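Chemist: One-letter residues, chain by chain:
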Amino acid sequence: MGTRDFIRERFFPHMWCPGCGHGTILNCLIRAIEELGLDKSNIVVVSGIGCSARISGYVDFHSLHTLHGRALAFATGVKFSQPELTIITPMGDGDALAIGGNHFIHAARRNIDITAIVMNNRIYGMTGGQYSPMSCTGDYATTAPFGNIDNPFDAVKLATAAGASFVARTTTYHAKEGISILKKAIRHRGFSVVEFLSQCPTQYGRRNQLVNAPVMLEYLKTHTVPIGSARAAEDPEILERGIFVEELRAEYCDAYEQVIQKEGG
Amino acid sequence: MEENLVFVQGNEACVEGALYAGMSFFAGYPITPSTEIAELLARRLPGRGGRFIQMEDEISSLCAIIGGSLTGNKVMTATSGPGFSLMQEALGFAVMAEIPCVIVNVQRGGPSTGNPTHVGQGDVNQARWGTHGDHAIITLTASTHQDVLEMTVHAFNMAETYRTPVILLFDEVIGHMREKLVIPEAGVLPVVDRLRTSVKRGVDYHPYLPREDGRLPMSDFGGDHRYNVTGLYHDMWGFPSSNPKVVESLLNHLVDKIETNVHEITRYKELYLEDAEVILISFGSAARSTLHTVENRRRRGDRLGYLELQSIWPFPVDLIREKCRKARRIVVVEMNKGQVTGLVKAAVENPERVFLANRIDGELISPTNIKNILRIIQGRGV
Ligand SMILES: Cc1ncc(C[n+]2csc(CCOP(=O)(O)OP(=O)(O)O)c2C)c(N)n1
Ligand code: SF4
Chain A
1407 MGTRDFIRER FFPHMWCPGC GHGTILNCLI RAIEELGLDK SNIVVVSGIG
1457 CSARISGYVD FHSLHTLHGR ALAFATGVKF SQPELTIITP MGDGDALAIG
1507 GNHFIHAARR NIDITAIVMN NRIYGMTGGQ YSPMSCTGDY ATTAPFGNID
1557 NPFDAVKLAT AAGASFVART TTYHAKEGIS ILKKAIRHRG FSVVEFLSQC
1607 PTQYGRRNQL VNAPVMLEYL KTHTVPIGSA RAAEDPEILE RGIFVEELRA
1657 EYCDAYEQVI QKEGG
Chain Y
37 MEENLVFVQG NEACVEGALY AGMSFFAGYP ITPSTEIAEL LARRLPGRGG
87 RFIQMEDEIS SLCAIIGGSL TGNKVMTATS GPGFSLMQEA LGFAVMAEIP
137 CVIVNVQRGG PSTGNPTHVG QGDVNQARWG THGDHAIITL TASTHQDVLE
187 MTVHAFNMAE TYRTPVILLF DEVIGHMREK LVIPEAGVLP VVDRLRTSVK
237 RGVDYHPYLP REDGRLPMSD FGGDHRYNVT GLYHDMWGFP SSNPKVVESL
287 LNHLVDKIET NVHEITRYKE LYLEDAEVIL ISFGSAARST LHTVENRRRR
337 GDRLGYLELQ SIWPFPVDLI REKCRKARRI VVVEMNKGQV TGLVKAAVEN
387 PERVFLANRI DGELISPTNI KNILRIIQGR GV
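Chains as they are written, first to last, in this note's numbering: chain A, 1407 to 1671; chain Y, 37 to 418.
Among the clues, some could well be false.
As the list claims (entries may be wrong) - Not the full set, but computed from the structure, chain A residues with beta-carbon under 10 Å of chain Y:
hint, residue
1, Arg1460
2, Ala1477
3, Val1665
Said to hold, decoys possible - Interface residues of chain Y toward chain A, partial, derived using beta-carbon atoms under 7 Å:
hint, residue
4, Cys99
5, Gly103
6, Asp170
7, Asn264
What the hints contain is simulated information worked out from the structure, not anything from laboratory work. Small disclaimer: the values here were computed from a predicted structure and weren't measured. Note that beta-carbon positions come from the ideal geometry of N, C-alpha and C, so glycine has one too.
Excised from the complex, chain A in its bound form (with noise of 0.2 Å):
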C-alpha cells in the first residue's frame, strides 16, 4: 500500500495552513503504521478539538472527532469496551494539557493501551493564538500581549510522573526520528505519550520572532537534541528528545480481562 492509500482524499485539501508543522505529523503518522503493516480496520484515531485535531478526519481509519480536551475519555471508552483496537490520540497542547490535563494524567495512570501525540506549538492555533499551557515564560500570544508570565509544563516530565510507561520527544524538524519514535509507541502495549513538537507560523511564529515556517523549523533544530547532550544541561532552552522511558508495566485492560476471567465472564 502506498501513503495515499491512508489518506481520505475526498476530505481534502486540509484546512491547515501553508507551514503549518501538523501536516507534518499526519505524514510521520502515516508512514509509521504503514511501515507497521497495522490493519487500517484495526485503527482508531480519536482527538478533540484544535487545528491538530482535524487530523483524525484525514486518515481512512475509524476515526471519532470529540470535544475540546476529551479525546483521552472518549479514546478510553473505545480502548476499554474493545481492547483489540490500537487507539491513536492526536491532541494539540492545550487539548491534551490544559482542558484535557486532567484526563491526560488519569489515562497514564491507568497505563491503558493507547497512543497519545501532543501536537506541541505552544499556542492555541484554532482560536487564533491565545498562549497554552505549553507556551514558555516570555512569549507573546493574543491573551500576553505583555508577555507571558506563566510557566509552561515540561509534558515529558508530566508524563512520566503520572505513569505513562512509554515517554518520547521528538519535533516536525526530525520526520523520520519522528516516524521511528510513534512506531515504537504505537507498538508499545501501555499508555504512550510522544510529545511532537510542532511549528504554527500563523499564530506563534508571527508573534514571536519566528517569521516562518522554515524559520521555526530551524529552531526545532538547533534547540532540540537527543537525550544525554551535554548542551541540554548547560541550556534550559535546549530540550532532548528521543525516548525517555519505555516499560513494560501491567496494561489496564489486560488487568480487567483478568478480573473478568477470575468471575467466570
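Go by the hints and put chain Y with the ligands onto chain A.
Modeler: Quick look at chain Y with the ligands alone, frame taken from chain A:
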C-alpha cells in the same frame, strides 16, 4: 417466578433493567444518591463479560460510554445533579453524533452541591435544555421499582431505535427506598437490539444517511466500515460541513426523529380520569403520594383523577390536552418550583385551571401535604 422476586433499592432495580436490556459497558463517577448503581455494576458486569470503569469525573464518564457505544455496546452512566451538569457538553455530542447511550440522573436537591442526601425533582428542564443549542431529547422517569426496571429497558430501546442519548430522571427517594421487584424472565419485556448496517465491506457506507424509515443503521468501530464521527455539523459520511443546507437538514433530522415519534416514546399511567373533576399530574416519587391521595379521596367521594408521566421529554402535549379537557382543575404535584406545571399550562386549554402542589425542602411531599394544598386550591381552607 418466586426466585425472581427481590426486595431492593430503586437503584438496584435500575441495574436489573440495564442488565435485562443487555447493557455491557458502564463508566461512572460516584455521587449520592446514584452511587449504588456504579457499585452494583462494578460487581455484576465482569461476571457477564461486561466492563465497568470508574473514570476521573463525570465528563469523562459520559465520553467513555460514547466511545463504548461506538464499538457496539449498549452503554450507561449514572450520576446526580452536579455530575449531570458536568455531562452536558458530552450529552450534546451524543445528540449530534447520534450515539445510543443511557444517562441516569438520580435527582437530589440543587442548585450546586445543594441537598445531596435529600430528594428533589429540579432537573426536569436541565434534562431538556442543559446542553447548548437546539435539539430534542428523550427523558423517562418512574415511581415504583417495577417501573424503574421497565423504564430502564424502555430507555435502552429508545436509545437504540432513535440513535440518541436517553435520560432516566429518577430521584433520591426512588433510588434509595426499598420495595419489592419482580425481575421478568428474558423475553417478557421487548428488547431492541443495535441496528447494524447490511452494507458489505468495500461498498460505500453512509453512516449518516437515514434509511427511508428514518433510522440510521450503525457500523461498529473495528468493523467493516471506516467512517468519521464528529460533534460538528456533518454530511452523510460524517465529515464536517458548514454548508447551510447540510446544517439545516441535520438539525431538522435531529429534532424531528424524536418530536414526530412522541407517541411511540410516551409512557404514562392513568386512573379515574373519565369522571375526574380534579386531575392530579405527577411523576417520580411525588407520584406515589399523589396516587395515595387520589385513592384516599376517591373513597370519600372526591372525584379526583390520576395521571402519572413516565416520559417527560418529548413532552406529551396532545395527551395532556386531551386527558385534561373536561377537568375543572388540574394540579401538578412535583418537588420543584413548578417545572412541569409550566409545561402543563402551556399544553391545556384554559391554563388558569392549572395549579402547582409542591414541596421544595428536601422532604418527600406527603399525601397530607397534597390534601392540604388541594383544600386551599378548592377554596376550602386547610
Ligand atoms: C469547551 C471548549 N472550550 C473552548 C473551545 C475553543 N477552542 C477550540 S480549539 C482551542 C484550542 C486549540 O489549541 P490546541 O489544543 O493547542 O490545538 P491547535 O489548534 O494549536 O492545534 C480552543 C480553546 C472549545 N472548542 N471547547
Ligand atoms: S493556525 Fe497554526 S496550528 Fe492552526 S493550521 Fe494554522 S499554522 Fe497550523
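Chemist: Confirm or reject each hint.
Modeler: Here's how the hints hold up against the structure:
Taking 10 Å as the C-beta contact cut-off toward chain Y, the hint placing arginine 1460 of chain A at the interface holds, the least distance being around 8 Å. For the restraint placing alanine 1477 of chain A at the interface with chain Y, the shortest Cβ-Cβ distance is roughly 9 Å, inside the 10 Å limit, so the hint holds. Here the hint on valine 1665 of chain A is kept, as its CB sits about 5 Å from the closest CB of chain Y, short of 10 Å. Interface restraint check: cysteine 99 of chain Y against chain A, minimum CB-CB distance 4 Å, threshold 7 Å, status holds.
This hint holds: glycine 103 of chain Y has a C-beta 3 Å from the nearest C-beta of chain A, less than the 7 Å allowed. Below 7 Å, beta-carbon pairs count as interface contacts, and aspartate 170 of chain Y has none with chain A, the closest being about 18 Å; its hint is therefore violated. A distance limit of 7 Å between C-beta atoms decides the matter here; for asparagine 264 of chain Y the minimum to chain A is near 5 Å, and the interface restraint holds.
Consistency with the previously given hints fails for number 6 only.
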